[in-house]
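First residue of the sequence shown? That's 5 in my numbering, and the numbers climb one at a time after it.
These aren't lab readings, by the way, just hints derived from the structure by calculation.
Beta carbons: idealized from backbone N, C-alpha and C, even for Gly.
A portion of the hints provided could be inaccurate.
[To be verified] With a straight-line Cα cutoff of 27 Å, these simulated DSSO-like cross-link-like pairs (lysine-lysine) come out: (1) K155 / K240; (2) K251 / K240; (3) K139 / K155.
[What the hints assert, rightly or not] What follows is a list of derived Cβ distance ranges for each label pair: (4) P129 / G173: 11 to 21 Å; (5) D237 / P129: 28 to 38 Å; (6) G127 / S80: 46 to 56 Å; (7) P145 / G173: 10 to 20 Å; (8) I250 / N172: 28 to 38 Å.
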Amino acid sequence: MNDLSEQLDENAVEAKENRKRRGRILATGFDRGAASGELSPSLPPYRYKKKTARSRKRYLILIGVALLLLLGGGTSAWLSGWPPLLSILSTERFSVLAPLPSRATVSEPPPFVDEGVTAAAPGEPHWGDGWVTEKTLEGLPFTATALVPLKGGRTVAADPQGMLYVINGEGEIERQFGPCAGGGTANITGLAVEPRGYIFVGTNERIEVWRGTGELVSYFSVGGSIASLALNDEGKLLVSDQNGKIKIISAARPGNSPFLSKYPE
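Work out the full structure: start from the sequences and follow the hints.
Rendered as structure tokens:
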């Protein structure tokens with residue numbers, strides 16, 4: 005009897021559990037047929053939504069706007085003088101596309117002009133690339149270390165030994181004279197000709213004044229070794245020494261201190 009009562013209790017508990025299980029199955033969408041062992045869904049089958057085709061109208065509008073921008077930019081570039089041509093600028097590793105300017109709008113760069121050079125006025129000689137050799141005097145028996153012109157197309161030249169030569173326009177030596185004529189030598193450091201024909205010869209120790217005929221007129225010292233000399237348009241002698249000084253010397257006149265000078269009037 006006890007075993008029968010225990011079996012009935014177990015069957016009652018199992019039946020109660022089965023009822024709960026069937027209730028949960030029905031709540032999840034299955035009908036009552038699940039009680040007989042068959043499970044059938046009570047909801048309609050799921051239908052997948054079909055994807056609708058996207059409208060291409062937006063893309064067509066964007067493409068049209070881009071074409072209009074390109075057309076407008078090309079037209080404005082053409083009107084401003086830049087034709088829509090592309091030239092390939094090759095470099096060592098890659099090429100770059102760049103617009104090619106119109107030949108009609110490209111101007112050549114101005115020629116280079118040195119700011120320190122003044123252009124020659126019309127009719128003035130131009131000392132530059134257009135020089136012309138008019139005459140060459142050849143066959144001289146010495147190397148001229150200094151040259152100054154004389155009147156009548158003649159030239160006074162000095163050689164390394166201190167001799168002076170008067171050369172005519174044909175390259176012939178008319179006269180030879182100078183410090184070396186007496187047997188000595190002199191290092192000529194400067195040569196100048198006064199408008200009246202006096203020739204000033206600068207040496208290491210003194211300045212000598214000669215006539216074009218070969219006559220020594222005078223000589224004097226300026227208190228130092230002479231580096232160079234020249235005459236200005238006033239007839240005054242400019243002398244530079246080895247100490248970096250430049251002296252302006254005029255001829256000795258009555259009432260003036262001769263200053264060891266015999267420069268003729």
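46 to 56 Å was suggested as the range; check whether the CB atoms of G127 and S80 agree with it.
holds (51 Å)
For K251 and K240, compute the direct alpha-carbon distance and say whether it is at most 27 Å.
holds (10 Å)
Taking the CB of D237 and the CB of P129, does the distance hold inside 28 to 38 Å?
With a Cβ separation near 20 Å, D237 and P129 fall outside 28 to 38 Å, so the hint is violated.
Range hint compliance [Cβ, P129 to G173, 11 to 21 Å]
About 20 Å separates the Cβ atoms of P129 and G173, which means 11 to 21 Å holds.
Do the beta carbons of I250 and N172 sit within 28 to 38 Å of each other?
holds (34 Å)
Kindly confirm whether 10 to 20 Å is satisfied by the beta carbon distance between P145 and G173.
Hint holds: Cβ distance 18 Å, inside 10 to 20 Å.
Measure nothing beyond the straight line between the CA atoms of K155 and K240; if it is 27 Å or shorter, mark the hint as holding.
holds (19 Å)
Satisfaction of hint between K155 and K139, Cα-Cα up to 27 Å:
holds (18 Å)
Going through the hint list in order, the structure does not satisfy hint 5, though it satisfies all others.
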